[in-house]
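Colleague: Could you build the full structure based on these sequences and the hints that come with them?
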Amino acid sequence: MHAYGTDSVGKKYDLEIQRQERGADPHRARYHSSVMDVENLHSGQEFKELPDAYTIFIIEKDFYGKGESIYPIERVNLATGKFFEDGEHILYVNGEYRGESNLGKLMHDFNCTQAADMNFELMADRTRYLKENPKGVSEMCRIMEDMRNESLKEGIQEEKRMTVIRMLEAGKYLLEEIVNVSGLSLEEVNQLKAERNV
Numbered sequence: 001m002h003a004y005g006t007d008s009v010g011k012k013y014d015l016e017i018q019r020q021e022r023g024a025d026p027h028r029a030r031y032h033s034s035v036m037d038v039e040n041l042h043s044g045q046e047f048k049e050l051p052d053a054y055t056i057f058i059i060e061k062d063f064y065g066k067g068e069s070i071y072p073i074e075r076v077n078l079a080t081g082k083f084f085e086d087g088e089h090i091l092y093v094n095g096e097y098r099g100e101s102n103l104g105k106l107m108h109d110f111n112c113t114q115a116a117d118m119n120f121e122l123m124a125d126r127t128r129y130l131k132e133n134p135k136g137v138s139e140m141c142r143i144m145e146d147m148r149n150e151s152l153k154e155g156i157q158e159e160k161r162m163t164v165i166r167m168l169e170a171g172k173y174l175l176e177e178i179v180n181v182s183g184l185s186l187e188e189v190n191q192l193k194a195e196r197n198v
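Mapping to this note's numbering: the sequence shown position 109 is 109, numbers consecutive.
Among the clues, some could well be false.
As the list claims (entries may be wrong) - Using 35 Å as the maximum straight-line C-alpha spacing, the simulated DSBU-like pairs for lysine-lysine come out as follows:
1. Lys172 to Lys61
2. Lys11 to Lys160
3. Lys105 to Lys172
4. Lys160 to Lys66
5. Lys193 to Lys153
6. Lys172 to Lys11
7. Lys172 to Lys66
8. Lys66 to Lys11
9. Lys131 to Lys105
10. Lys135 to Lys153
11. Lys61 to Lys135
12. Lys48 to Lys82
13. Lys193 to Lys172
14. Lys12 to Lys82
15. Lys193 to Lys160
16. Lys48 to Lys12
17. Lys48 to Lys11
18. Lys12 to Lys172
19. Lys105 to Lys82
20. Lys131 to Lys82
21. Lys153 to Lys131
22. Lys82 to Lys61
23. Lys12 to Lys61
24. Lys153 to Lys172
25. Lys153 to Lys61
26. Lys11 to Lys193
27. Lys82 to Lys11
28. Lys12 to Lys131
29. Lys61 to Lys193
Said to hold, decoys possible - Pairwise CB distance ranges, derived in the manner of DEER restraints:
30. Glu96 to Tyr173: 38 to 44 Å
31. Gln157 to Ile17: 47 to 53 Å
32. Glu49 to Gly23: 29 to 35 Å
33. Gln45 to Arg98: 22 to 28 Å
34. Asn149 to Lys61: 22 to 28 Å
35. Glu121 to Gln45: 37 to 43 Å
Quick caveat, the hints were computed from the structure, so don't treat them as lab data. All of these numbers come straight from a predicted model, not from anything done at the bench. Every residue, glycine too, gets a C-beta built ideally from N, C-alpha and C.
Modeller: Right, dumping it as structure tokens:
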């Protein structure tokens with residue numbers, strides 16, 4: 001699930017909920033941050049006009065395995081030890097975290113199946129609507145169908161990648177053959193080849 005938002009002072013937010021650890025790759029966070037920058041700086045604007053941007057990944061598991069509720073990622077000037085202060089912020093939220101803080105309660109609510117068990121009334125009301133109101137149920141069915149289709153696309157893409165890896169490791173196929181069999185582009189095949197060092 002993906003959501004974008006802007007707060008009352010103009011800060012931009014890109015929130016993504018990830019069930020799989022591979023979806024939390026730091027390069028993905030970098031990509032989302034760069035997309036927000038491109039979308040929020042228009043022709044003729046000064047770079048200093050870029051709004052603060054927060055890329056937030058809520059990960060089902062504790063991605064860093066340290067039991068923290070949240071892992072803030074910031075750029076640091078290694079020579080001075082001071083923050084770079086470019087307005088880019090990345091947050092990894094531990095979806096397994098439970099606690100009495102609002103974040104702990106929110107992570108609890110994210111994992112609830114019954115509205116009555118939730119801490120936040122807004123989420124409970126939305127859950128009731130999606131589960132009990134005929135219009136909400138229809139909306140939820142559309143959402144689930146979209147998610148299923150997205151998962152199917154991801155699975156197909158992963159199978160293509162695995163085919164490329166197997167063919168590269170076999171060492172007996174031309175790149176053009178790998179492209180034709182896998183359905184991936186030559187650029188994608190070359191990237192996998194470089195990553196696998198084959």
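Colleague: Now tell me, hint by hint, if it's right for this structure.
Modeller: Going down the list of hints, with the structure as the test:
1. Lys172 to Lys61: This hinted pair is violated, its Cα atoms lying about 39 Å apart.
2. Lys11 to Lys160: Between Lys11 and Lys160 the Cα gap is close to 38 Å, so the pair fails against 35 Å, i.e. violated.
3. Lys105 to Lys172: Violated, at about 54 Å.
4. Lys160 to Lys66: Holds: Lys160 and Lys66 sit about 34 Å apart, inside 35 Å.
5. Lys193 to Lys153: Given pair Lys193, Lys153 holds - Cα atoms ~22 Å apart, limit 35 Å.
6. Lys172 to Lys11: violated (52 Å)
7. Lys172 to Lys66: violated (44 Å)
8. Lys66 to Lys11: holds (28 Å)
9. Lys131 to Lys105: Status holds; Cα separation ~21 Å.
10. Lys135 to Lys153: holds (27 Å)
11. Lys61 to Lys135: holds (32 Å)
12. Lys48 to Lys82: Satisfied, since the Cα-Cα distance of roughly 19 Å is no more than 35 Å.
13. Lys193 to Lys172: holds (14 Å)
14. Lys12 to Lys82: holds (23 Å)
15. Lys193 to Lys160: The given pair, whose Cα atoms are some 13 Å apart, holds under the 35 Å limit.
16. Lys48 to Lys12: Distance of about 15 Å is within 35 Å: holds.
17. Lys48 to Lys11: holds (13 Å)
18. Lys12 to Lys172: Not satisfied, since the Cα-Cα distance of roughly 49 Å exceeds 35 Å.
19. Lys105 to Lys82: Holds, at roughly 33 Å.
20. Lys131 to Lys82: Not satisfied, since the Cα-Cα distance of roughly 49 Å exceeds 35 Å.
21. Lys153 to Lys131: Measuring from Cα to Cα gives roughly 27 Å; hence the hint holds.
22. Lys82 to Lys61: Distance of about 30 Å is within 35 Å: holds.
23. Lys12 to Lys61: holds (25 Å)
24. Lys153 to Lys172: holds (28 Å)
25. Lys153 to Lys61: At roughly 23 Å apart (the allowed maximum being 35 Å), Lys61 and Lys153 satisfy the hint.
26. Lys11 to Lys193: Cα-Cα ~39 Å, so violated.
27. Lys82 to Lys11: holds (22 Å)
28. Lys12 to Lys131: holds (31 Å)
29. Lys61 to Lys193: holds (30 Å)
30. Glu96 to Tyr173: 38 to 44 Å: 42 Å Cβ-Cβ, so the 38 to 44 Å window holds.
31. Gln157 to Ile17: 47 to 53 Å: Taking Cβ atoms as reference, Gln157 and Ile17 lie about 19 Å apart, which means the hint is violated.
32. Glu49 to Gly23: 29 to 35 Å: holds (31 Å)
33. Gln45 to Arg98: 22 to 28 Å: Distance hint for Gln45, Arg98 is violated at roughly 43 Å.
34. Asn149 to Lys61: 22 to 28 Å: Holds, since Asn149 and Lys61 (Cβ atoms, about 24 Å apart) stay within the stated range.
35. Glu121 to Gln45: 37 to 43 Å: holds (40 Å)
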